[in-house]
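Novice: Read off the chains here:
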Amino acid sequence: MLNAVGREIPAELLVDGKEVYQGKFYMDGKYVKKDSPRSRRAVTPVADKLCATIREAAEKCGAHDGMTFSFHTEFRDGDYVSGMVAKVLIEEMGLKDITVAATSLGTAQGIIAQYIEQGRIVGAQTSGVRGPIGEVISAGKLATPAIIRSHGGRPRAIEAGEVHIDIAFLACASSDPFGNARGVGGKNNFGSMGFGMQDAQYADHTVVVTDTLVEAPNVPASIRAIDVDCVVVVDDIGDATRISTKEARMTDNPRELMMAENVARVIAATPYFADGFTFQTGVGGPSLAVNRFLEDHMVERGITMRFALGGTSSAICRLQDRGLVGHILDTQDFDQGAIDHISTHPDHHEIDLSEYANPANKGAYVNQLDFVVLAALEVDLHFNVNVITGSDGILRGAPGGHPDTAAGSKCCIIVTPLTRGRMATVCDSVVTVTTPGDCVDVLVTDYGIAVNPLRQDLIDCLDRAGIPHVTIEWLRDKAYGLVGTPDPLEWEDQVVAVVEARDGTILDVVRKIKPFVLS
Amino acid sequence: MKIIKPALAGTLESSDAQVSVEPSTDGLEVSIESSVMNQYGRQIKATVMETLGRLDVTSGRITVIDKGALDGTLKARVECAVMRSESTSEAGIPWGGAIR
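Residue numbers (our numbering), protein chains in the order written: chain A, 10 to 528; chain B, 32 to 131.
Source of the hints: derived by calculation from the structure; they are not laboratory data. Mixed in with the good hints there might be a few duds.
Derived lysine-lysine pairs resembling BS3-like cross-links, with alpha carbons at most 25 Å apart [as the list claims (entries may be wrong)]:
hint, chain 1, residue 1, chain 2, residue 2
1, A, K371, A, K39
2, A, K150, A, K96
3, A, K523, B, K106
4, A, K419, A, K42
5, A, K196, A, K96
6, B, K36, B, K106
7, A, K419, A, K150
8, A, K39, B, K106
9, A, K521, A, K487
10, B, K36, A, K487
11, B, K33, A, K487
12, B, K36, A, K523
13, A, K487, A, K27
14, A, K27, A, K42
15, B, K76, B, K36
16, B, K98, A, K521
17, A, K69, A, K96
18, B, K33, B, K76
A few chain B residues that don't get close to chain A, going by computed Cβ distances all over 10 Å [unchecked claim]:
hint, residue
19, E53
20, L59
21, I63
22, G72
23, Q74
24, K76
25, L86
26, T89
27, G99
Just so we're clear, the structure is a prediction, and the values are computed from it rather than from any experiment. Built from N, CA and C at the ideal position, the CB exists for glycine as well.
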């Protein structure tokens, strides 16, 4: 069945009430019955909840064949706990038919790729897929298609019981012996625990894995002891220096700086850029650099930001320290500066992914966003964005909060170079739709700016401000003129991943790529 | 032109291509690897064949490892590898002839 972004969704996926994507606010006003965990009572007072090993904790929590376990990826590439846990469950305990429900799957979880290859892990539900895991999933090695959800879609699916977590293994920087746990206060701090907080409330069992045991009560706790079955102390939960990888950097590339400057000009040209505006930016080079240029416009107008949302970097913390940002509502910290800042600044707050972006609660913070600045692998003539598959059709990206912030914000700006190597970023039709075009308002590239024709009001704003812009067709022609018109990818029938829209409808599918033979 | 001895041109940097040529007695044998194979493999091959044709190279083993090079880069790397292979002097480059 064809959905609202023109993608053909196979009928066999449209079972158990699953529908195709029908527009960004299609589910508004509908009711949802929330799932609840099957929770074991801990009535008898105990001296502590400590277990000597992950295995002991897993056994106490009834780890079994066919179960689903979850973890958060606040440590990004420096995460140790997910690999440790997977190894214990699969290799030590010999469990099979396991599903992982993660906030992301990347190089730090490389061992999971082996277990998928071996058929021990049969299901994956995640908000991102990178590295070897992307390759094995794309090769069709999972027994069931992977499910890709946004950061708002994940808590929605957990609440709706579409994914039920048997055991959540949560890396925590510090914990007391009863499981009051935080992302700070230990030897390996990662800051906000936003990715993991909801898992503890909906999983049947929760295991806190920490490397710093502190005296009770460890407050204010992000994970509360009332939701925790076991606490395990390990040598190190992760390497915080590897949180900030090449995806989260401040650029000195003049092309990226030029694009960032243009994004700031576009923002300043809209009526939303007024005292008390709200803002989120991604961590791609040009997106992150927007912070730097925005400051000048704010000082010039004498206005401040009411809140900054989402993944947090030092750049936005510095703006808060200068009094230009009221609150930071933080789901994830991208560098050491931000990690330190969340525990020292009273108006830098930790929020969970449901508060951040879940479209099925009574109004997540993304709905209050004025601006979001995001990157893209590809943007097509309908402004649909792909951030999940490469030009070879292999899974290698992460929707994260992209679709959520795009849908919630008043002005969603995509910033991306027109070409990357020989890849045209602006194209006829994206490989995979991860953010629907009706959520995307402005595209800023190094060759020009295009505004979604659905937003005549923004076109008028740019015209009044004297900011030149072109059509997206012009940008596509320019890109193809530089690199040549790409041949369409060729696919097999097998669906290797389902891309869910944030509301749970099906936005697109990723099929197995046909091996390319050059005749 | 003839491929007389093994020669190499280009790098494995992003947006470049490395072209190596070796003599062969079995006619023309071209192998291509590319980071953008699915979308541009056919165009890369067409560009390489057209360039070899223009240089009148009819035998040799040609290996292209492409890292997303644009057509102009590909042509230049193929031309350079072939000319290095026959030790063409600067004065011997057919500017305006086969090279334009």
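Novice: All the hints need checking, so say for each whether the structure fits it.
Specialist: Here's how the hints hold up against the structure:
1. A:K371 / A:K39: holds (11 Å)
2. A:K150 / A:K96: holds (19 Å)
3. A:K523 / B:K106: At roughly 28 Å apart (the allowed maximum being 25 Å), K106 (chain B) and K523 (chain A) break the hint.
4. A:K419 / A:K42: This hinted pair is violated, its Cα atoms lying about 29 Å apart.
5. A:K196 / A:K96: Measuring from Cα to Cα gives roughly 24 Å; hence the hint holds.
6. B:K36 / B:K106: Holds - the C-alpha atoms of K106 (chain B) and K36 (chain B) are around 20 Å apart, at most 25 Å.
7. A:K419 / A:K150: Given pair K419 (chain A), K150 (chain A) is violated - Cα atoms ~40 Å apart, limit 25 Å.
8. A:K39 / B:K106: violated (59 Å)
9. A:K521 / A:K487: violated (30 Å)
10. B:K36 / A:K487: violated (40 Å)
11. B:K33 / A:K487: Violated - the C-alpha atoms of K487 (chain A) and K33 (chain B) are around 38 Å apart, more than 25 Å.
12. B:K36 / A:K523: violated (37 Å)
13. A:K487 / A:K27: Since the Cα atoms of K487 (chain A) and K27 (chain A) sit roughly 39 Å apart, the hinted pair is violated (cutoff 25 Å).
14. A:K27 / A:K42: holds (15 Å)
15. B:K76 / B:K36: Given pair K76 (chain B), K36 (chain B) holds - Cα atoms ~22 Å apart, limit 25 Å.
16. B:K98 / A:K521: Holds, at about 23 Å.
17. A:K69 / A:K96: OK: K69 (chain A) and K96 (chain A) at ~17 Å, within 25 Å.
18. B:K33 / B:K76: Status holds; Cα separation ~20 Å.
19. E53: holds (19 Å)
20. L59: Holds, because the least Cβ-Cβ distance between L59 (chain B) and chain A comes to about 15 Å, which exceeds 10 Å.
21. I63: The claim is violated: I63 (chain B) sits with its nearest Cβ about 6 Å from chain A, within 10 Å.
22. G72: At about 5 Å from chain A, G72 (chain B) fails to clear the 10 Å cut-off, so the statement is violated.
23. Q74: Q74 (chain B) is in fact no farther than 10 Å from some Cβ atom of chain A, at 5 Å.
24. K76: violated (6 Å)
25. L86: holds (21 Å)
26. T89: For T89 (chain B), whose nearest Cβ neighbour in chain A is about 20 Å away, the distance exceeds 10 Å, so it holds.
27. G99: G99 (chain B) is in fact no farther than 10 Å from some Cβ atom of chain A, at 3 Å.
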